[in-house]
Amino acid sequence: MTGSPGATGSAPYPVDPVEGGGPVEEPVPLPPRPRRGWAMDTTPLRNPHYRRLFWGVAATMIGQQMTLVAVPYQVYALTGSSLLVGVTSVVALVPLVVFGLLGGAIADSTDRRRLMLLTGVGSAVTSALLALQALLPGGGNLVLLWVLTAFLSGFTAVNQPTRSAVIPAIVGIDGVPAANALAMTVRQVGVIVGPLLAGLLIAVGNLPVTYAVDALGFLVAVLLLRGLPPLPPGRDAGPLQLGAAVRGVGEGFAFLRTQPVLLMTFVVDVVAMLFAWPQAVFPELAEGRYADSPNSLGWLFAGISIGALLMGLTSGWVSRVDRQGAVVLVAIVVWGVAIIGFGFASTLWVAVVCLAVAGAGDMVSAVLRSSMLQLAAPEEMRGRMQGVFLVVVAGGPRLGDLRAGAIASAAGVTTAMVSGGVVVVVAMVVVALVVPSFWAFRASRSAWDTVPAEELRPSSPAPERGEGRPTTPSS
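Under my numbering, the first residue of the sequence shown is numbered 1, with each subsequent residue one higher.
Source of the hints: derived by calculation from the structure; they are not laboratory data. No experiment lies behind these values; they were computed from the predicted model shown. Certain hints may be false.
Claimed, not checked - The calculated label-pair distances, taken between Cβ atoms and stated as ranges, are:
id : residue 1 : residue 2 : range
1  : V121      : F344      : 37 to 47 Å
2  : T79       : W317      : 38 to 48 Å
3  : G227      : G139      : 31 to 41 Å
4  : T79       : G205      : 14 to 24 Å
5  : S81       : L313      : 36 to 46 Å
Ideal Cβ positions, reconstructed from N, Cα and C, are used throughout, including at glycine.
Given the sequences, and given the hints that come with them, work out the whole structure.
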C-alpha cells in the first residue's frame, strides 16, 4: 500500500488479529473538524489504532526520561567529569547510528507491528539490567553502564523509526501533522515529569528505581501494541535478512540524494544540536552555579520540555503551516537565541525560562521536519527516512554533549553555550540565503500522490515536481 489511505496497490490488507484472518479496512482519514485556532488538534485520537500507539508512547516516556537523567548522573557520580558524561553520549551514539539506519531498512521489509514488539521487549530487559547494575558495590560500574546504555540505544534506534513509519498508514495523510504533534506533546509530558521524579529519587538514594520504572513502562507499551493489526510496509513483508537490510540502507541514501530539501531537514537539525545542545553541562551547573536551588538537576532536565509541552498544547497552527521550510529555520533561530540566554543565566529560574523558549522552538521544528519526511517519501521509503531522522535527531544531541562537555571543561559553561548559540543563528541565516528551495518549501506541494507500490522502486529517483504529486494544495 502507499501512503495515501484507501489506496489500492500490491500490498496485502492488514489482518485483524482478534477475528483471525479477516481483512480490515485501509485507514481512512477522519472527517474534518472545525479549525480551533491555536488549540491542539486531537482528531487522530478518534482512531483506535492510533490510540494504542499514542498510549504506548505515553507509557514509556516517563521511564525513558528518568533513565536519561540517571545515566549522566551516575557517570558524573562515578567519575566527577563532564567530559566523560559527553563520552557516554558518544557510547550511545554508535549503536544508534548503526541500528537506526538498519532499523529503518528492516521496517521497510518486515511487519512493523512485530518489530515494535520485539524491540519493546528488548528495551524492557535492558532497563531491568540497568537497575541491577546500579545496585553493585560502589554505586555501579562504568563499563557495564556503558554497555547497557549502548544496548538500550540500539533497541530504541529500531523502535522509534518503526513507530513513526506507521503513522501515515494508521491515520492517513491528512492526519500526519496532528498525529505527530500529539505524539511529541505526550513525550514532552514525560520529559517534564520524568526528570523531576528522577531528581527526587536520586536525591534520596533510589537510583535503581529510576531504571526499574523504565522497564515497567516498556512492558505496558508492549501489551498495548499487541492489539494493533499487522502493519506491513508498502511491499510484501518478508523474513528479516541482514544483507537485504544493509542494501536497503544504501537504497535509502540513494533516494535521499534525489531530495535536496529533505536532506536539508537533517542538516539544519545537526547544526542546531551539535552546537547548542546543553544537556552535558546540567550536572556541573546543578553542583555549582545552581547548587543552592532545590532539585536544580531535575528542573534543568525538564526545562526544554516545559516549553515544548506548552507549544504542543497550542500547536493547532503548526499542523496547518504550509511554508514549512521557512518556519523550521525561524524555529531553529529561536532555539539558538534561547541557548545564548541560557549560557548567561545567573539564576535557575532564568535558565529554565531560556530552556523552555528553546524547547518551544525545537518542538515546532521537530513536528514540521518529521511531517515533511513522512509526506514527501513513498510508503516503501518511510522506515528508512525515519531511521535517518532518528540518527540525526538523537545523534546530534550526543555529539553536542561531547562538544559542550569538552568546551565547558576547558573554557566554562558560558563559553560553551553562548558560542554554540551564535553559530546556530548564523548558520540558519546562511541556509536561508544559500538554499532558497528549503526556505520556499511548501507542504501543499510536497506529498506523494497515490502511486502503486511497484512503481516506487527504492532505487529509483523521486518523481519530479508535478509527477506523482498532488496538483492542488492540500487543506
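To see whether the hints hold, each was checked on the structure:
1. Taking 37 to 47 Å as the suggested C-beta distance range, the pair V121 and F344 conforms, at roughly 45 Å.
2. At roughly 45 Å, the beta carbons of T79 and W317 sit within the given window of 38 to 48 Å.
3. At about 40 Å, the beta-carbon gap between G227 and G139 stays in the expected band of 31 to 41 Å.
4. T79 and G205 have their C-beta atoms about 19 Å apart, which keeps the hinted 14 to 24 Å range intact.
5. Range check, S81 to L313: about 38 Å between beta-carbon atoms, so the 36 to 46 Å window is met.
Of the hints listed earlier, there is not a single one the structure fails to meet.
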